[in-house]
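Asks: Build out the structure end to end from the sequences listed, making use of the hints.
Each chain, written out:
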Amino acid sequence: MSGTSRNPRRNLSRALSRIANADVYETLAQQSGPSAENLPRIGITGAPGAGKSSLIARLAKLRKRNDRKIAVLAVDPSSPVSQGSILGDRIRMDAIADDPDIFIRSIPSRRAHDGLADNTADLLNAMEGHGFGEIILETVGVGQAEYTIRTLVDTVVLILVPHSGDAIQAMKAGILEMADIYVVNKADLPGADLMATEIEQVADHQSADGWTPPVIMTSRNDPEGFAALDDAINAHMAWQVNHGDPAAARRARARYQAQALISRRIDEVLEAAGEDILDQNPGELFDAIVARLGRTNEA
Amino acid sequence: MSLNGKRILIAKPGLDGHDVGAKIIALALRDAGADVIYTGLRRTPDYIARVAVDEDVDAVGLSILSGSHKELVEETVRCLNELDAGDIRLFVGGTIPAEDHDELRDAGARGIFTAEMTINDVVAALDAELSA
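Just so you know, the protein sequences line up as chains H and C, in that order.
If you count by the numbering used here, then the first sequence holds residues 1 to 299, one letter each, in order.
If you count by the numbering used here, then the second sequence holds residues 300 to 431, one letter each, in order.
Do not take every clue at face value.
Claimed, not checked - The calculated EDC-like cross-link candidates involving lysine to aspartate or glutamate, where the alpha carbons are at most 20 Å apart (straight line), are:
# : chain 1 : residue 1 : chain 2 : residue 2
1 : C       : Lys322    : H       : Asp94
2 : C       : Lys305    : H       : Glu26
3 : H       : Lys69     : H       : Asp99
4 : C       : Lys305    : H       : Asp230
5 : H       : Lys69     : H       : Asp230
Calculated from the structure, these hints are not laboratory results.
It should be emphasised that the depicted structure is a prediction, and the values quoted were computed from it without experimental measurement.
Replies: So, in structure tokens, the structure goes:
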């Protein structure tokens, strides 16, 4: 069955599928201009098992006050072997899964290696104009390099857990520098205070633009921690109104989107060309790829 | 044989609390290339239908060991239709006596998977139904 459904929610979810499945040329053809709505976007990222999905469930419940509906886009990793995936974020969002005011869409990362998914930027744009007040984006569990979420959202929340000291070392030159808010989750575990102190030292170095990222402790049985996170997000959004650089943010998004499309186009070219194209030295291969980038796969 | 690009919801309606079978099927479908969403235990047909719509799945697989498969299948079909999603294909797996199969098919089940079937049988049946 195709066409328009009488159920608006079905129309939205189908539109998201079309975008998620579109190849590069289809994506370009479907792209509409910059969104008029410009919904606030919150990005939640952190290592695997840090508690991103569970935290989003708590957060979305707080953020949806005053009739504000919330859309959640949750990315899970695709298997490099089968290309399949278990989209398991939803099951951790049990507390909000039954709430009709919260729309959750799970997507596989597919070819993307940046903690996001193919066409994430377009998926986020497509979630605008459907009566939501805010969008929350959850990355796959990230290591150190996947900080492209920075360009796609307004507020980046990085979730850490106690005793991830080594992880912090690894992240120092990556996502750790990009966060607007730090959360030490599972703060009822030993080592949380030490962890928070370490992060505060990193955060203090980061206030060059005038925003010092707060460090917030959360644990499942402590509602105050989640309320503090909610407040911190509001504070960062308010700060951005006066201090943010929308033009720079727009340019960064455009750049990311174009680069992501070109990178996928290279994958498409290589897949369409077959293995023989790889029997060249890197210089010849480079020229061969560049020569085909602008063509369709059928050419 | 590949379920690449297919989105499948594995759901546990009703009151039985055993989801080993559902999880094994979920992993097998992932290994066959599908993107799989699992609801968790004890979900209502209404909830399952709403998740199926929001996630825009191609198929829903109900795992039922409680014996209430007739009621749960009928109710899930009714809820899907209510959301204008009657085209999402519905499958049932679990302890389903052979004498109930016709009735379940009449109610809208496109396939019935029982313990006698191998994982490959299940994947092949889904593949055939979803690429049709």
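Asks: All the hints need checking, so say for each whether the structure fits it.
Replies: Each hint, compared with the structure:
1. Lys322(C) / Asp94(H): holds (17 Å)
2. Lys305(C) / Glu26(H): holds (19 Å)
3. Lys69(H) / Asp99(H): At roughly 10 Å apart (the allowed maximum being 20 Å), aspartate 99(H) and lysine 69(H) satisfy the hint.
4. Lys305(C) / Asp230(H): Between lysine 305(C) and aspartate 230(H) the Cα gap is close to 36 Å, so the pair fails against 20 Å, i.e. violated.
5. Lys69(H) / Asp230(H): holds (15 Å)
In summary, the structure is inconsistent with hint 4 from the numbered list given earlier, while agreeing with all the others.
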